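Protein chains: 4
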Amino acid sequence: MIYSFANDYSEGCHPAILKVLSETNLVQQNGYGDDDYSRSATTIIRDLTASQADVHLIAGGTLTNLVVLSSFLRPFESVISAQTGHIFSNEAGAIEATGHKVEAAVTHDGKLRPKDIEPFLNKVRGYHVVRTRAVYISNSTELGTVYTKQELTELHTFCKANDLILYMDGARLPMALTAPSNDLTLADIAALTDVFYIGGTKCGALLGEAVVISNPELKQDFKYHLKQRGALTAKGRVMGIQFDCLLRNNLIFDLADHANRMAEKLSKAFAEMKYPLLIESDTNQVFPVLPNQMVKHMQDDYGCLLWNIIDEDHSAVRFITSWATPEEVVEKFISTLKEMQ
Amino acid sequence: MIYSFANDYSEGCHPAILKVLSETNLVQQNGYGDDDYSRSATTIIRDLTASQADVHLIAGGTLTNLVVLSSFLRPFESVISAQTGHIFSNEAGAIEATGHKVEAAVTHDGKLRPKDIEPFLNKVRGYHVVRTRAVYISNSTELGTVYTKQELTELHTFCKANDLILYMDGARLPMALTAPSNDLTLADIAALTDVFYIGGTKCGALLGEAVVISNPELKQDFKYHLKQRGALTAKGRVMGIQFDCLLRNNLIFDLADHANRMAEKLSKAFAEMKYPLLIESDTNQVFPVLPNQMVKHMQDDYGCLLWNIIDEDHSAVRFITSWATPEEVVEKFISTLKEMQ
Amino acid sequence: MIYSFANDYSEGCHPAILKVLSETNLVQQNGYGDDDYSRSATTIIRDLTASQADVHLIAGGTLTNLVVLSSFLRPFESVISAQTGHIFSNEAGAIEATGHKVEAAVTHDGKLRPKDIEPFLNKVRGYHVVRTRAVYISNSTELGTVYTKQELTELHTFCKANDLILYMDGARLPMALTAPSNDLTLADIAALTDVFYIGGTKCGALLGEAVVISNPELKQDFKYHLKQRGALTAKGRVMGIQFDCLLRNNLIFDLADHANRMAEKLSKAFAEMKYPLLIESDTNQVFPVLPNQMVKHMQDDYGCLLWNIIDEDHSAVRFITSWATPEEVVEKFISTLKEMQ
Amino acid sequence: MIYSFANDYSEGCHPAILKVLSETNLVQQNGYGDDDYSRSATTIIRDLTASQADVHLIAGGTLTNLVVLSSFLRPFESVISAQTGHIFSNEAGAIEATGHKVEAAVTHDGKLRPKDIEPFLNKVRGYHVVRTRAVYISNSTELGTVYTKQELTELHTFCKANDLILYMDGARLPMALTAPSNDLTLADIAALTDVFYIGGTKCGALLGEAVVISNPELKQDFKYHLKQRGALTAKGRVMGIQFDCLLRNNLIFDLADHANRMAEKLSKAFAEMKYPLLIESDTNQVFPVLPNQMVKHMQDDYGCLLWNIIDEDHSAVRFITSWATPEEVVEKFISTLKEMQ
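Going down the list, the protein sequences come from chains A, B, C and D. If you read the first sequence in our numbering, its first letter stands for residue 5, the second for the next number, and so on. If you read the second sequence in our numbering, its first letter stands for residue 5, the second for the next number, and so on. If you read the third sequence in our numbering, its first letter stands for residue 5, the second for the next number, and so on. If you read the fourth sequence in our numbering, its first letter stands for residue 5, the second for the next number, and so on.
Worth flagging that the hints you see were computed from the coordinates, not collected in a lab. Among the hints, erroneous ones may be present.
[What the hints assert, rightly or not] Below, a list of computed lysine-lysine pairs in the DSS-like style, where the Cα atoms sit at most 25 Å apart: (1) K164(C) to K223(B); (2) K127(B) to K164(C); (3) K119(A) to K153(A); (4) K164(B) to K153(B); (5) K127(B) to K127(D); (6) K127(C) to K227(B); (7) K23(D) to K223(A); (8) K164(B) to K223(B).
[Said to hold, decoys possible] Partial chain B-side listing against chain A, Cβ under 7 Å, derived: (9) S8; (10) Y13; (11) S14; (12) L25; (13) S26; (14) L30; (15) A63; (16) T66.
Predicted model, so just to flag it, every value in this text is computed and none were measured. Idealized CB from N, CA, C, for every residue including glycine.
Go ahead and model the full structure; you've got the sequences and the hints to work with.
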């Protein structure tokens, strides 16, 4: 195989991280997130978000989602997600395993809007049904779309008015914030959500997600929750170093921007060749609808993910680019595609 | 501070790991443990254990314990542990959070023997009480002691006779297997337990524990459990590389042996100076009983953990050495101690 | 208020039960279901089902559903229900609180068929998603519809072929089995499901549901699950007496038949008056679409449940009859309706 | 068998209850605790406790314990109990199944005092261990002992000072409040605890426990918790009638007093015959130490529970009396005993 576009975690990490890991390797540090590098990463995030947020570094997205949501929901409270949301469709019941129902709204573009949530709040049966208490969104979404500042502000206002916690899964937040259509900043996000995370795993780290808690009520006792769910890493330095490194000089955003631009090249190529896209994404995921035969020919040399069966002869396929995707590979792939046509 | 003996995860990882991380950094690999390095680590572990065990790599000990135990216990089944066992005394209720009672037996040396477990099996009240179904042991224990082959064989026989699953927490298994008094091999352990893990975090890795499942019934569907608990790492390569590296040419055992020898130097020094030890440990943890004043003087330069208050003037203190503890630091510390006396 | 049709648990119990409760009141009995009356009820149910089923009596439907489902599902396994199913829409997340996802299929009549379940089995992502392991159906359904023998046989065959447990919620099973369109017997149901329950609460008892377990694998250790979930009643005699009484001489079916006939009278009256029904039910629930003004006028004298808003001027309303609904009240209500028109 | 002293739930209920059940049988009532009788029982309890407490009626003690404790504990919080406490030793892990650790203190008489709890609060390891947040006591205890007003006041003061919720399991509270040594009133208990329950099952009811919540913070949303755990009874009238009946004119206390006096007769008889008692109980449980041969001879005619093996020839045995134990049976039993001697 020449190159796999199947996901954005096929490579290791940005080399700058490996350098710092080596340089600091024998410096003794406290465990459990109380190390110099985690503290430095926290300082940078507080600067970037213009907030006094609490920051915790966690080894993985599903683990992050389940710790965050189970930490503040009471037993009878639920979280609402788009039907395409990672916690509903892709985490093997991780949230339910902590005792909470995930309610799902059908949306065309993976984004939740107040009108999608409203029907879940008007439950007439009171204590016979779960109470919707948290709103889970992902930015960029699982379909590659991003929230505008106006959309997030409307959600924020709606959540405040209805006593709902707003949580943003940011596994691909750097890609969202560098998308052409984006008009949000990290400071906006910290101000408009109660808690969100900045994904490291898919944006240049070996592993690690940085949870950022703005809402003071959610800050308390969070380390107990981390410990209890197995999410308190002994050598917190491992993630501290990575985020410290990625967040300095906007490295993480440069990496995300590269991934987005590689995906844009793919999108343009598919458009030129008149292949429709399942959804307009302006981040690092591209969903062209291709003839099955083409997909089949391609797969010896290039990996991708079968997304949807469209009809007998066509499928929607997902291509993902990453910080590590070489531009020349993208170009070679496009040439091959054109030859196939 | 000159050096902290407070725990064995204060430094990074063995440099050989960083080298391989760098060399393989841009090689694309499958996610979720299906990478070349994880497969290679599995092959080595199968060789070392002379078994066809399943191997899964997990980012942390508490996460490992909760996934393993919750994966096979039915809701009304409990696990028994020594009262000093990590799952009972040190994991913020992680096992209970998955719905299971941890029963605790009082033992003097942190080890469980059939006679400690027996009273928990003879419950006369049937379905009014939990059914003890799993036995949790740690080797080396939280008190630094190790199991002999005869002790483990007796436990194995007892567990088989009583339909109990035997699970060994091996956060410090390499130290146990290189202890002077040890007569067990990895193959013995795979044969005498249903499931155990080889700790990486405390033995030269950045993070990671290798779960080894011998019992065929426990193998099935384990990845579902990993995923649901947030323990399925996207870039499984990160732990695959570390275990592949640590397990080649017995590196992990050389590192553990070093830690043990450094601790032995400390033990001998305390003995020479007539300070009693709380417990005879022959691995990398030492528990001297020291005058409070000495502890106080020492703590500016050397970190350690207050373990127990013995009387008004004396405390038991825990010193831990690691693969990274420099021999000259140990010697300097001993000189300082002698001067203090 | 003259009479409430809001639900079928507004009255006490059939007088025959009170008589036996009084007669046996001071006879000492064992606790926890090991009393003479519970044993007798079990014998009758084994006769009626022509099976060696295990029988357990539980104080309530939600409690029954959560004990049954959590007793055999492994942590990553889910149950599928119609979107109108009680466990999905009406139990405050009771199943999720035991750690399991409830997946929901949209159906027009509250019944599940193999084609509704199939899409949930063809999950391509393996351990990234829950595994559907149980099928929850209710008979009669929450919309008053009933399963035919052919439908249940097809479900049974489909479940066997796909290693799915089939569980029937029988809160209103006596009404289903006495519906005009029914062609199932209790013996059929025991043979075609793995576990089901016969509802007492809505069919003449003070409280109590009789769980009937045909599948031998599900029988084991069930009392542990009952105890752990708080569903093992100390004075099991209370429910034993009720089921013993209700199941003798088909009393429970006579009571259900009465409820069905009262509902049929209502249905016919609405039809005569040209009010459409939301769904064709032939059990004790009737869902007419009525002008809002009529509903409003009616509600001082007769209780009913607002089910759905149809348009600005019309609503679907639910009327329920019970074993205790007097025929003259039904007739008086119909007269009133006709006068309103 | 002439009579079983094995437990206090072998008979049905006080006949006055059956009378009211019959008289009110066909009166329609709202479901889920919103019926006239439950409201009346609430009014009586508010009078008796001189409080504005919330009252909820639940079908069983284990169910009550698990709903109450899981309703206010956050995931990492634990409850402490005496080692003999019902939730620790006798509920098949019901509390742990809701995710919470039960910590146990060894006490000689089944009662908890501040000094028993203190060691659990001084955990030095912070978020590595559960946080003790609730104190579970039973009155009378599982050993038949009762709390004095001074003891309960000290516990209350201690709990307030340490932000601990104090919960009293009152399965046998009427026996405690009518014990010769008692100096507590229901009003004291409401003032000195955050939540407690008055047991019906063991004091004249068919089933049912009345949870009384004084602490305003615990009142909120309690019906959601009831529903989610399957503890919201459709025909709440069944328990409403029973408590309304038992609490009028102190009936429940008269019944408890009878049980206590029957037990006192047994105690005195054993004392006269020089059989030692395991523990001094002044409620309805008696724990004599008897020769095994005597126990054996007795058991054809009288049931009792083997409690403890004392030595090769002697066992501690538990006799329980109830509201329904006939005085002549007690006298006959004592005669038999004397003959055996």
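How the hints compare with the structure:
A C-alpha spacing of about 24 Å is found between K164(C) and K223(B), which places the hinted pair at or below 25 Å, so the restraint holds. Using a Cα cut-off of 25 Å, the hinted pair K127(B) and K164(C) is violated, with the two alpha carbons roughly 37 Å apart. For the proposed pair K119(A) and K153(A), the alpha carbon gap of about 17 Å is at most 25 Å, so the pair holds. Of the pairs offered as hints, the one joining K164(B) and K153(B) holds, with about 16 Å between alpha carbons and a cut-off of 25 Å not exceeded.
In summary, the hint linking K127(B) to K127(D) is not supported, as the alpha carbons are separated by about 31 Å, beyond the 25 Å threshold. Under the criterion of a C-alpha separation no larger than 25 Å, the hint pairing K127(C) with K227(B) is consistent with the structure, at around 15 Å. Straight-line distance between C-alpha atoms of K23(D) and K223(A) comes to about 56 Å, which puts the hinted pair past the 25 Å bound. A distance of roughly 18 Å separates the Cα atoms of K164(B) and K223(B); the hinted pair therefore holds under the 25 Å criterion.
With a least beta-carbon distance of about 5 Å to chain A, the hint placing S8(B) at the interface is held under the 7 Å criterion. Annotation: interface hint on Y13(B) holds; nearest CB of chain A at approximately 4 Å, less than 7 Å. Taken as an interface hint, S14(B) checks out: its beta carbon lies about 4 Å from the nearest beta carbon of chain A, inside 7 Å. With 7 Å as the threshold, the beta carbon of L25(B) comes within range of chain A, its nearest partner Cβ sitting at about 6 Å, so the hint holds.
Taking 7 Å as the C-beta cut-off, the interface hint given for S26(B) holds, the closest approach to chain A being about 5 Å. Proximity of L30(B) to chain A holds as hinted, the smallest CB-CB distance being about 5 Å (cut-off 7 Å). A hinted interface residue such as A63(B) counts as satisfied when its beta carbon comes closer than 7 Å to some beta carbon of chain A; here the least separation is about 4 Å, so the hint holds. The beta carbon of T66(B) is positioned within 7 Å of a beta carbon in chain A (closest approach about 4 Å), and the interface hint is therefore held.
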